[in-house]
Each structure stands twice: as structure tokens, then as C-alpha cells.
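Chemist: Each chain, letter by letter, is given below.
2 protein chains.
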Amino acid sequence: MEKHVVINLSNRHLHISQEDLEILFGAGHQLKNIKHLMQPGQYACEETVTLVGQKGSIENVRILGPVRQQTQVEVLQSDVYKLGKIQPPLRESGGLAGSAPFELIGPAGRIKKSEGMIIAMRHIHMDPASAERFGCKDKQIVKLRAGSPGREAVLENVVIRVSPSYALECHIDFDEGNAVGIGNGTQGEIMK
Amino acid sequence: MEKHVVINLSNRHLHISQEDLEILFGAGHQLKNIKHLMQPGQYACEETVTLVGQKGSIENVRILGPVRQQTQVEVLQSDVYKLGKIQPPLRESGGLAGSAPFELIGPAGRIKKSEGMIIAMRHIHMDPASAERFGCKDKQIVKLRAGSPGREAVLENVVIRVSPSYALECHIDFDEGNAVGIGNGTQGEIMK
Numbered sequence: 001m002e003k004h005v006v007i008n009l010s011n012r013h014l015h016i017s018q019e020d021l022e023i024l025f026g027a028g029h030q031l032k033n034i035k036h037l038m039q040p041g042q043y044a045c046e047e048t049v050t051l052v053g054q055k056g057s058i059e060n061v062r063i064l065g066p067v068r069q070q071t072q073v074e075v076l077q078s079d080v081y082k083l084g085k086i087q088p089p090l091r092e093s094g095g096l097a098g099s100a101p102f103e104l105i106g107p108a109g110r111i112k113k114s115e116g117m118i119i120a121m122r123h124i125h126m127d128p129a130s131a132e133r134f135g136c137k138d139k140q141i142v143k144l145r146a147g148s149p150g151r152e153a154v155l156e157n158v159v160i161r162v163s164p165s166y167a168l169e170c171h172i173d174f175d176e177g178n179a180v181g182i183g184n185g186t187q188g189e190i191m192k
Numbered sequence: 001m002e003k004h005v006v007i008n009l010s011n012r013h014l015h016i017s018q019e020d021l022e023i024l025f026g027a028g029h030q031l032k033n034i035k036h037l038m039q040p041g042q043y044a045c046e047e048t049v050t051l052v053g054q055k056g057s058i059e060n061v062r063i064l065g066p067v068r069q070q071t072q073v074e075v076l077q078s079d080v081y082k083l084g085k086i087q088p089p090l091r092e093s094g095g096l097a098g099s100a101p102f103e104l105i106g107p108a109g110r111i112k113k114s115e116g117m118i119i120a121m122r123h124i125h126m127d128p129a130s131a132e133r134f135g136c137k138d139k140q141i142v143k144l145r146a147g148s149p150g151r152e153a154v155l156e157n158v159v160i161r162v163s164p165s166y167a168l169e170c171h172i173d174f175d176e177g178n179a180v181g182i183g184n185g186t187q188g189e190i191m192k
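Note that the protein sequences, when read in sequence, are chains A and B. Start counting the first sequence at 1; every next residue gets the next number (this note's numbering). Start counting the second sequence at 1; every next residue gets the next number (this note's numbering).
Keep in mind that the hints were calculated from the coordinates and are not lab data. Don't take each hint at face value.
Claimed, not checked - List of simulated lysine-lysine pairs, BS3-like, C-alpha gap at most 25 Å:
no., chain 1, residue 1, chain 2, residue 2
1, B, Lys-35, A, Lys-82
2, B, Lys-139, B, Lys-3
3, B, Lys-82, B, Lys-113
4, A, Lys-192, B, Lys-192
5, A, Lys-85, A, Lys-112
6, A, Lys-82, A, Lys-113
7, A, Lys-32, A, Lys-112
8, A, Lys-143, B, Lys-3
9, B, Lys-55, B, Lys-85
10, A, Lys-35, B, Lys-85
11, B, Lys-3, B, Lys-143
12, A, Lys-192, A, Lys-143
13, B, Lys-112, B, Lys-82
14, A, Lys-143, B, Lys-192
15, B, Lys-32, A, Lys-55
16, A, Lys-3, B, Lys-192
17, A, Lys-3, A, Lys-139
18, A, Lys-3, A, Lys-137
19, B, Lys-55, B, Lys-139
20, B, Lys-35, A, Lys-85
21, B, Lys-137, B, Lys-3
22, A, Lys-139, A, Lys-192
23, B, Lys-192, B, Lys-137
24, A, Lys-192, A, Lys-137
25, B, Lys-143, A, Lys-143
26, A, Lys-3, A, Lys-192
27, B, Lys-55, A, Lys-82
28, B, Lys-113, B, Lys-32
29, B, Lys-112, A, Lys-35
30, A, Lys-82, A, Lys-112
31, A, Lys-3, B, Lys-143
32, A, Lys-113, A, Lys-55
33, A, Lys-85, A, Lys-55
34, A, Lys-192, B, Lys-3
35, A, Lys-32, A, Lys-113
36, B, Lys-35, B, Lys-55
37, A, Lys-82, B, Lys-82
38, B, Lys-143, A, Lys-192
39, B, Lys-112, B, Lys-85
With the rest of the complex left out, here is chain A (with noise of 0.2 Å):
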């Protein structure tokens, strides 16, 4: 079985649907994309916002495109102390319901809602042929070690992530890229 896998850090940053986007951005705006990322058709926008928390609020909040059907703010767990007492739930991307409200500020307007705003569950996107190399199937939860010298551990609770519009890699994030001294592009093994 193969075991090792890409992994690539998620800072906090937002899906955005076509309709918040142009409250935040002005009517008729269409996101500008500047980087393509890794997983197929998925870009980092020149667009930015400011989350705003009940204590503090965080700037330059990249959007990821293209736009989805609900706004979805990603957030890591170490913002959260940053921006109030506000705990999100840690969930799998598009599992929104009953996660924590938020409010953005773009350069055209602002937003407030009372659900989309999660920390992501650590996760490895699959092609169908990596899965099958993998031994893995959707939604399977496995573990993973990584980590650089001194500083490894094992990741629990890591969901797979099975569709053919995905590229192989592991998403975790900046918190945990940093508690095991990695950053992007290292390489993970999978344990189940």
C-alpha cells in the first residue's frame, strides 16, 4: 500500500458565494484569480476581506475561488483568541450547519451571518486511482505521521476526501503545520 502524501497548509480564508461577493465588492464583481492552488480549478483570489470578531478582527482574509453556494470562513484555532470568545466547531468544508456566525468587511460593503464560519477538519483530497493505490475510500478517517526531526507526531482524525476533481494532498493547517515543524510540500505518511 502506498502511504506517503503531499501535505500543503491551510491559512484562514473564505469560500464566498457570487451574492456576498458583491455586497462585499460592489454589484456585478467576479473574483480576480492570482495563484492556482493545487486541487483542480480551486485559485487564490487578489480579493481580500476582514473578519470581524467580538474583541479583535484579522485583515487581509484571502478568498479562495471559484464562488460556492454559501460563504464558508476557515479559520485557525489560534485566531479564534484573536477575535473573541466565539468557539467555531471543527467540521468537514460545506458542513456549515450550526457552525458559528461572522461578520466581513470588504471595500464595498459588509456582511454579518449567523452560520459558516469553522476550523477545518484535517483532511487528504483522493482521485479515485490514489484512493485505490491508497487502500482508502471516501470518508474514511485515518491517521497521519508527520513532522520534522524532534517535532513529529501523529495526527488523528484525518478524513478522506475521495472525488475525481481532486489532486492528492493533505490539508492541515497553519496550527498544525507549525506544532510539528513543517511547511509546505512535506511529505506525510498515512497510518491506519
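Following the hints, position chain B against chain A.
Modeler: Okay, now just chain B, sitting in the frame of chain A:
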């Protein structure tokens, strides 16, 4: 064998020599204890300094007392990106030979040192009786399982430190605490 130990999270901080303290805060300055820490005789001080990097600075870095022989700055991996290009090595407290250079600014002066900045290794303080109960020896390397539901991890390379002057307590840093979604006072499980 006993397995569970309380975990407290270290933020960036420094230990300071009396000589360096007087350069930063003025001749004859004495550290002001504002909060006792769990380790006997250790305390958080009123005094904070600015840690200067090549790229950016971090203000309000707290001094922990009492004074030590050599000034030692302990940072988070997440701080490294704010400070600049210097990557401090992962070390046990006191292991400063060949560690990273640093610069500090206090209200009365500044110091620049060629070594003394580290990222602290995950460690568990034990008094001798606790070490016996846990079946652990000084300098032994163990694993520690910790985490809130869904964010659990097994942290490897956790060093046991045994001394009659210690209280039973595990120290990991804020990056590591955030990565596993825990705050101060959480229980971890020692795994060998």
C-alpha cells in the same frame, strides 16, 4: 503505571540574567513576581520586552523569573515567520550552545546576543515520586496523546525531566495546543 498528566501551554517568553535585566530595565532592577507558576519557585513577571527580528518585532514578550545564569528566549514556530529568516533550533531548556541570535529592547536599553533563542522541546516535569509512579526516568523520551474531540494527536519526542524541584506538569507550546485544540489544564496520556 500512571498515564495521565496535566498539560499547560507555554506562550513565547524569556528567562533573563541579572546582568541583561539591568541593561534592559536599569541598574539594580529586580524582577516583579505577578503570578506564581505551577513549577515551584517559578513565576511570571510584570516585566515584558520587545523581541526584534529582521523582518518584524514582537512586543510584550514576558519574562519568567527568577533570573538565570544565561538569557534564554523561547519562541513559537508561528513567531518565526513574524520575526524573519532565523530558524531557532528545537532544544531542551538550557541547551543554548549554537542556538539562534536575538535582540531585545527594554525601557532602559537593548541587548543583542549571538545565541540563546530556541523553540522548546515538548517536555514533562516530574518530581522523583511521580517519575517512579509513571515508570519514567530523567531524559527519557515518551509520546503524549492529547487533544479535544476530533483534533487528537500523539506528540512524539516528549522529554521527561525529573528533579526534586519540579511538580508534575507537561509543557507544550501554544502552536501545539492550538493544533490539538486544547487549553491549559487539559489531561494528556503518556504513551511509551
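Chemist: Determine for every hint whether it applies to the structure shown.
Modeler: Hints, one by one, checked against the model:
1. The hinted pair formed by B/Lys-35 and A/Lys-82 meets the criterion: a straight-line CA distance of about 23 Å does not exceed 25 Å.
2. Note on B/Lys-139 and B/Lys-3: the hinted pairing holds, with a Cα-Cα distance of about 17 Å set against a maximum of 25 Å.
3. Distance check on the hinted pair: B/Lys-82 and B/Lys-113 sit about 19 Å apart at the alpha-carbon level, within 25 Å; holds.
4. About 19 Å separates the Cα atoms of A/Lys-192 and B/Lys-192, which keeps this hinted pair within 25 Å; it holds.
5. Proximity of A/Lys-85 to A/Lys-112 is assessed by CA-CA distance (about 16 Å); at most 25 Å being required, the pair is judged to hold.
6. For the given pair, A/Lys-82 sits about 19 Å from A/Lys-113 by alpha-carbon distance, which is consistent with the 25 Å threshold.
7. With a CA separation close to 23 Å, the supplied pair A/Lys-32 and A/Lys-112 stays within the 25 Å bound.
8. Restraint check: the Cα-Cα separation between A/Lys-143 and B/Lys-3 comes to about 22 Å, which is no more than 25 Å; the hinted pair holds.
9. Only pairs whose Cα atoms come within 25 Å are accepted, and B/Lys-55 paired with B/Lys-85 is accepted, the gap being roughly 8 Å.
10. Restraint check: the Cα-Cα separation between A/Lys-35 and B/Lys-85 comes to about 24 Å, which is no more than 25 Å; the hinted pair holds.
11. For the hint pairing B/Lys-3 with B/Lys-143, the CA-to-CA distance comes to about 11 Å; that is within 25 Å, so the pair holds.
12. Restraint check: the Cα-Cα separation between A/Lys-192 and A/Lys-143 comes to about 6 Å, which is no more than 25 Å; the hinted pair holds.
13. Restraint check for B/Lys-112 and B/Lys-82: satisfied, since their Cα atoms lie roughly 18 Å apart, inside the 25 Å limit.
14. Proximity of A/Lys-143 to B/Lys-192 is assessed by CA-CA distance (about 18 Å); at most 25 Å being required, the pair is judged to hold.
15. Annotation: proposed proximity of B/Lys-32 to A/Lys-55 is violated, straight-line Cα distance about 29 Å (limit 25 Å).
16. At roughly 24 Å between alpha-carbon atoms, A/Lys-3 and B/Lys-192 fall within 25 Å of each other, so this suggested pair holds.
17. At roughly 17 Å between alpha-carbon atoms, A/Lys-3 and A/Lys-139 fall within 25 Å of each other, so this suggested pair holds.
18. A threshold of 25 Å between alpha carbons decides the hint, and for A/Lys-3 with A/Lys-137 the separation of about 14 Å falls inside it, so the pair holds.
19. For the hint pairing B/Lys-55 with B/Lys-139, the CA-to-CA distance comes to about 36 Å; that exceeds 25 Å, so the pair is violated.
20. As the CA atoms of B/Lys-35 and A/Lys-85 are separated by approximately 24 Å, the hinted pair is consistent with the 25 Å bound.
21. For the given pair, B/Lys-137 sits about 14 Å from B/Lys-3 by alpha-carbon distance, which is consistent with the 25 Å threshold.
22. The straight-line distance between the Cα atoms of A/Lys-139 and A/Lys-192 is roughly 13 Å, inside the 25 Å bound, and the hint therefore holds.
23. For the suggested pair B/Lys-192 and B/Lys-137, the alpha carbons sit about 12 Å apart, so the restraint of at most 25 Å is met.
24. For the hint pairing A/Lys-192 with A/Lys-137, the CA-to-CA distance comes to about 12 Å; that is within 25 Å, so the pair holds.
25. Taking the CA atoms of B/Lys-143 and A/Lys-143, the gap is about 15 Å. The hint holds against a cut of 25 Å.
26. With a CA separation close to 10 Å, the supplied pair A/Lys-3 and A/Lys-192 stays within the 25 Å bound.
27. The straight-line distance between the Cα atoms of B/Lys-55 and A/Lys-82 is roughly 22 Å, inside the 25 Å bound, and the hint therefore holds.
28. Note on B/Lys-113 and B/Lys-32: the hinted pairing holds, with a Cα-Cα distance of about 24 Å set against a maximum of 25 Å.
29. Restraint check: the Cα-Cα separation between B/Lys-112 and A/Lys-35 comes to about 39 Å, which exceeds 25 Å; the hinted pair is violated.
30. Annotation: proposed proximity of A/Lys-82 to A/Lys-112 holds, straight-line Cα distance about 18 Å (limit 25 Å).
31. The hinted pair formed by A/Lys-3 and B/Lys-143 meets the criterion: a straight-line CA distance of about 22 Å does not exceed 25 Å.
32. Only pairs whose Cα atoms come within 25 Å are accepted, and A/Lys-113 paired with A/Lys-55 is accepted, the gap being roughly 17 Å.
33. Of the pairs offered as hints, the one joining A/Lys-85 and A/Lys-55 holds, with about 8 Å between alpha carbons and a cut-off of 25 Å not exceeded.
34. A C-alpha spacing of about 24 Å is found between A/Lys-192 and B/Lys-3, which places the hinted pair at or below 25 Å, so the restraint holds.
35. A threshold of 25 Å between alpha carbons decides the hint, and for A/Lys-32 with A/Lys-113 the separation of about 24 Å falls inside it, so the pair holds.
36. For the proposed pair B/Lys-35 and B/Lys-55, the alpha carbon gap of about 32 Å is over 25 Å, so the pair is violated.
37. With a CA separation close to 16 Å, the supplied pair A/Lys-82 and B/Lys-82 stays within the 25 Å bound.
38. For the proposed pair B/Lys-143 and A/Lys-192, the alpha carbon gap of about 18 Å is at most 25 Å, so the pair holds.
39. About 16 Å separates the Cα atoms of B/Lys-112 and B/Lys-85, which keeps this hinted pair within 25 Å; it holds.
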